[in-house]
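Trainee: Put chains B and C on the given structure of chain A with help from the hints.
What follows is each chain in one-letter form.
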Amino acid sequence: MTGTRPRPRTGPSAARGGLATRRTVLRGLGGLAVAGASVGVLPLFGQNGAQQDPAECAAPDRSGDDRLVVVSNWPGYIDPRRDEGNTRDLFEERTGVTVRYTDDINDNAEFYGKVRNQLGSCEPVGRDLMMLTDWMAARMISLGWTQPLDRKAVPNLHANLIEPLRGVAWDPDLQFHAPWQTGLTGVAYNAAKTGEIGSFSELLDNPDLAGRVTLLSEMRDTMAFALKVVGADPEDFTQDQWGDAIDRLRKAVSDGQVRAFTGNEYLQDLAAGNIVACEAWSGDIIQLQFENPDIKFVAPEEGLALWSDNMLVPNGAEHQANAEAWIDHFYDPAVAARLAAWVNYICPVEGAREEMEKLDPSLVDNDLIFPDAEMLAQTFAFMPLDDRQAMAYERDWSDVTGG
Amino acid sequence: MTSTAGVAPPLEAAPLPPDTGRRRGRTGYLLLLPGLLWLVLFFVVPFYSLVATSLYDPAGSDFRGYEMTWAVGNYVDALGEYWRPLLRSLWYGAIATLFCLVLGYVLAYAIAFKAGRWKNLMLVLVVAPFFTSFLVRTLSWKLILADDGWVVGTLQFLQVLGDDGRLLATPVAVVAGLTYNFLPFMVLPLYASLDKIDPRLVEASSDLYAHPAVGFFKVTWPLSLPGVVSGTLLTFIPASGDYINAELLGSPNQRMVGGVIQSLFTDANDYPAAAALSMVLMMLIVVMVLVYVRRAGTEDLL
Amino acid sequence: MSQVAETPTSPEHPPAAAHGDHAAYDGLRLRDVTKEFPGGFTAVRSLDLDVPRGSFFALLGPSGCGKTTTLRMVAGLETPTSGSITLAGQDITYAKPYRRPVNTVFQSYALFPHLDIFENVAFGLRRRKTKDVDAKVREMLELVELTSQARKRPAQLSGGQQQRVALARALINNPEVLLLDEPLGALDLKLRRSMQIEVKRIQVEVGRTFVHVTHDQEEAMTMADTVAVMNGGVIEQMGAPAELYENPRSTFVANFLGQSNLIEGRVLRRAADVTTVEMHGIEVSVPSPRVHTDADAGWVGIRPEKVLVGRPGEELDAPGNTIPGGVVSDVSFVGVSTQYLVRMPWGQELQVFSQNTGRTHMFTQGESVELSWRPEYAFLLDRSQDADAGAAERVGG
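Protein chains in written order, with the working numbering: chain A, 18 to 420; chain B, 64 to 365; chain C, 307 to 703.
Please note that the accuracy of each hint is not assured.
Unchecked claim - Distance windows between CB atoms, simulated: (1) A209(A) - L161(B): 37 to 43 Å; (2) L497(C) - G48(A): 36 to 42 Å; (3) G273(A) - L202(B): 57 to 63 Å; (4) L99(B) - L497(C): 46 to 52 Å; (5) Y118(A) - L93(B): 44 to 50 Å; (6) L202(B) - Y118(A): 23 to 29 Å; (7) L104(B) - D403(A): 34 to 40 Å; (8) Q396(C) - L288(B): 34 to 40 Å; (9) L202(B) - E213(A): 26 to 32 Å; (10) A276(B) - T211(A): 51 to 57 Å; (11) R111(A) - L99(B): 53 to 59 Å.
Unchecked claim - Simulated pairs of lysine-lysine, DSS-like, Cα-Cα distance not exceeding 25 Å: (12) K210(A) - K205(B); (13) K313(A) - K177(B); (14) K435(C) - K402(C); (15) K177(B) - K402(C).
Claimed, not checked - If you want the ones that stay clear, here's a sample from chain C, every Cβ over 10 Å from chain B, calculated: (16) D397; (17) A476; (18) A693.
Note that these hints are calculated values from the structure, not bench results.
Glycine residues also receive a C-beta, built at the ideal position from the N, C-alpha and C atoms.
Only chain A is shown next, with the shape it has when bound in the complex:
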């Protein structure tokens, strides 16, 4: 691209002139050739649509003779193997299926980028189960990248899933997904550094908090609240309302009110005192509270956002039956209680609360693990978006968070 410049002083100046022009001409011709070739080649780099038919992308199930299940999950989202009677060992004992477990999901979008090329072209990703948040699960299901579950193989799921999580718009009959854990998004603050915080809008405009606030970096997490702040319903809003919400947020960012948009990192900043309040996930805060009782999680006036991370079986999975056995295992209330006692997120399994009585009575009345119906009634989710909408909104979002 840069080309080599002719070296100076390569000969008498008279000869240099001739040489230079000839070289210029040659270089010009070369440039034209490259340009011409590029015009021909570039269109070949187009991409086909990534939507697939799950039926065509199913792999023969080898569960019978290959007793293995490959699971991808978020870090710290299951009780550790060193614990006596942990849920994974229990699963292996019960079913004889070996678990190969990796915590390689750190971010929905990033994970999407990781599997996009394979799943988009009907190739296996070497996993039997992956845990993705609602909107990403919805997107993958609509792209046809996941396998339908055999209803008969997961009776516990259909019997025990708590009511508020049933009938989601993107998979009303639990055909493709099973919630792994559920959480609430709300507001957390450090009571030692600031007074009580009652609403999300305070995060955006309380001058006492200026520069000491973080929000979550996933668009749906934060924009659901921003929409609430401008009086819109995140489950059903108009383009104008979206615009208002984005402007509201943009103002907070350009005023220097918001220090950062983060993933889990807000935990360190909150603990270190670099921030005094933030948008937060319930389970994280419960764990942080064990170390620092000054940290409080509150349901702001705007309400709480309810979300789930869901188990999905990707196309090309070779051990679907084993994966279904895994799902069913974790919908056994006793197993679910044991898991909830460790991860501290909302347990999506009916009957786990009763099991928890035997396990750890102190957690039974924690409404961030077993919320009551009244609390769940005021939660909200984010409207399903089609791909064009999602892209346009994400672009607005990165425009704001990109300063």
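Mentor: Chains B and C in isolation, oriented as in the chain A frame:
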């Protein structure tokens, strides 16, 4: 040739002189082949793919697929929307490079001329930060500059910072992080080029009535220009494309173009805009480098 | 160990003056200068030196003898540990190098590679903000015959041309003293010979004081008015080249400056003008000014070309010292002369250079010969000195 030498008749084993030349030429090209292949596979193809992506129909999506429709408008859109982080990246990169140059020059000069037998140890120390991960090093700056940390405390005590002043989430922290992280890229080429300078040249300038300061600017500095040029390039290019420092030490108001490209690519899945922005950044840097190298007039010295 | 102080009668070198007289001396004067390096190595010991204004002075010695350190102290690139340096009456011992009216032609030149020839030469003038830089540089380039190369970079010139640039770059500043640090060391022999003449010509033309450091005794003798032979941080002997050669005062000088035959002897009688020495049973005489020892034992020295060789009993035109009983053990014919090694009765081999004038007989190996020399060519050195000192460090023949 050696493998067949035992079997082949002697006539073949001793090629005629004109043949030798041609064969040597062919061997040269054969030896070039792996490198060329590597270049095509890992540079040319991805580069074309990036160019094509930047010209995709912006109406495309993962559902529909993407068509290369020469959508030059992507560039206009990307520039229109993201010129701020773009300029900010170049600006932060330039300031960090300047700081690196000043700090790095002093350090490299000390190592080259004053370190004596400590030279190797000091060079190892310059490189030592590379033994830990980039991310960990940047995160530790977060601890150093924390709002309740001693650095901020001291600056507040000295009234350099206001009582609720802070360093994290300000351009100061981002530039400090960039400076720290890319300093070795500046020191090493500077050292290489300072170490080559014959100390007698400095003596000669002194002998010829140059005050040490004048001697430095008339002799040492121009002779170290190749190191200055390669050091500033090695610092500026990655620093202006970096987004980790801005992400971890800055706030959204300090976001750099690398971060924007990353989030356009992974979060928004807006590949055309991400690719167009990458191309703009790349072209800007290439142009700046070309102008810079020519202006510095270091072609003969390089 | 002050050399000058030891020879108060030496005509060119007046006795060490008292401190008050330094201001009157218009040349370069070093007094009691010592340089110790941090490692404990003493490069120069208590050195006294007077370089008259306008002279071409050579510091000659093997590597490590302290000559370059001496030069660097004059240039200001090293600071003496003790002692003083004055130049034209000014004390410059601790003056910064860029404040001294002294310029240096560095070993391997140290030309600025990033500047062209013109700017290299103009460097000193520009630093001093002199007027008419252009004209002065042109004039200087003319003097060293490099006008056509003015816009080239040093790397594009040959070694000899670079040498002349270095000279021009220093000379243009019109220094009180020009220091030359092995300036010809990097050149090949032929070029070196012509540059020696060239540099000498320039010195005569500009009439400045040149102090030239070299380890090449032939170069020193060709170029300099005065040569100081340095060894182990002190000056062994100083004087005009011919005087040094003809009347060396130490075995080091005798061997380092050309070759010498040194034969063990014992002083029999000391008369006013002649000292008689017994040498393996043969009596030889040495003129008293050429006797450089007070002891009874000594080395009788004689240059190989001063020794005449003849058949036993042959009448030679060298009345005086005749040593019979030699046998030719080696003959080398080198064109202008024939070099013999002659084994003497006491086992020592002496060197004899015989000019091929055509009138002398050529001896062959194994022939018996008689050696003789004129008494005025012989010299007597201290027996306690090493007879081989300086021989190994000598450059060339």
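Trainee: Each hint should be assessed against the structure and marked as holding or not.
Mentor: So, going through the hints one by one against the coordinates:
Range check, A209(A) to L161(B): Cβ separation about 41 Å, and the 37 to 43 Å hint holds. Separation of L497(C) from G48(A) is about 50 Å and departs from the stated range, judged on CB atoms against 36 to 42 Å. At roughly 23 Å, the beta carbons of G273(A) and L202(B) sit outside the given window of 57 to 63 Å. For the pair L99(B) and L497(C), the beta carbons lie near 48 Å from each other, so the given range of 46 to 52 Å is met.
In this structure the supplied range 44 to 50 Å holds for Y118(A) paired with L93(B), their Cβ-Cβ distance being about 49 Å. Restraint check, L202(B) to Y118(A): a C-beta distance of roughly 27 Å satisfies the suggested window 23 to 29 Å. Taking the beta carbon of each, L104(B) and D403(A) are about 37 Å apart, inside 34 to 40 Å as hinted. For the pair Q396(C) and L288(B), the beta carbons lie near 38 Å from each other, so the given range of 34 to 40 Å is met.
Take L202(B) and E213(A): their Cβ atoms lie about 31 Å apart, and the range 26 to 32 Å holds. At roughly 54 Å, the beta carbons of A276(B) and T211(A) sit within the given window of 51 to 57 Å. Checking the proposed 53 to 59 Å range against R111(A) and L99(B) shows it holds: the Cβ atoms sit about 57 Å from each other. Among the hinted pairs, K210(A) with K205(B) is consistent with the structure: their alpha-carbon atoms are about 20 Å apart, no more than 25 Å.
A hinted pair counts as satisfied when its Cα atoms are at most 25 Å apart, and K313(A) with K177(B) does not qualify at roughly 56 Å. Taking the CA atoms of K435(C) and K402(C), the gap is about 18 Å. The hint holds against a cut of 25 Å. Of the supplied pair hints, the one linking K177(B) and K402(C) holds, its CA atoms being roughly 20 Å apart against a limit of 25 Å. Every Cβ of chain B is farther than 10 Å from the Cβ of D397(C); the closest lies at roughly 19 Å, confirming the non-interface assignment.
The claim that A476(C) is not at the interface with chain B is violated, since a C-beta of that chain comes within 10 Å of its own (minimum 8 Å). The beta carbon of A693(C) is kept farther than 10 Å from every beta carbon of chain B, the shortest such distance being approximately 38 Å.
In the structure shown, a violation is registered for the earlier hints numbered 2, 3, 13, 17, in ascending order.
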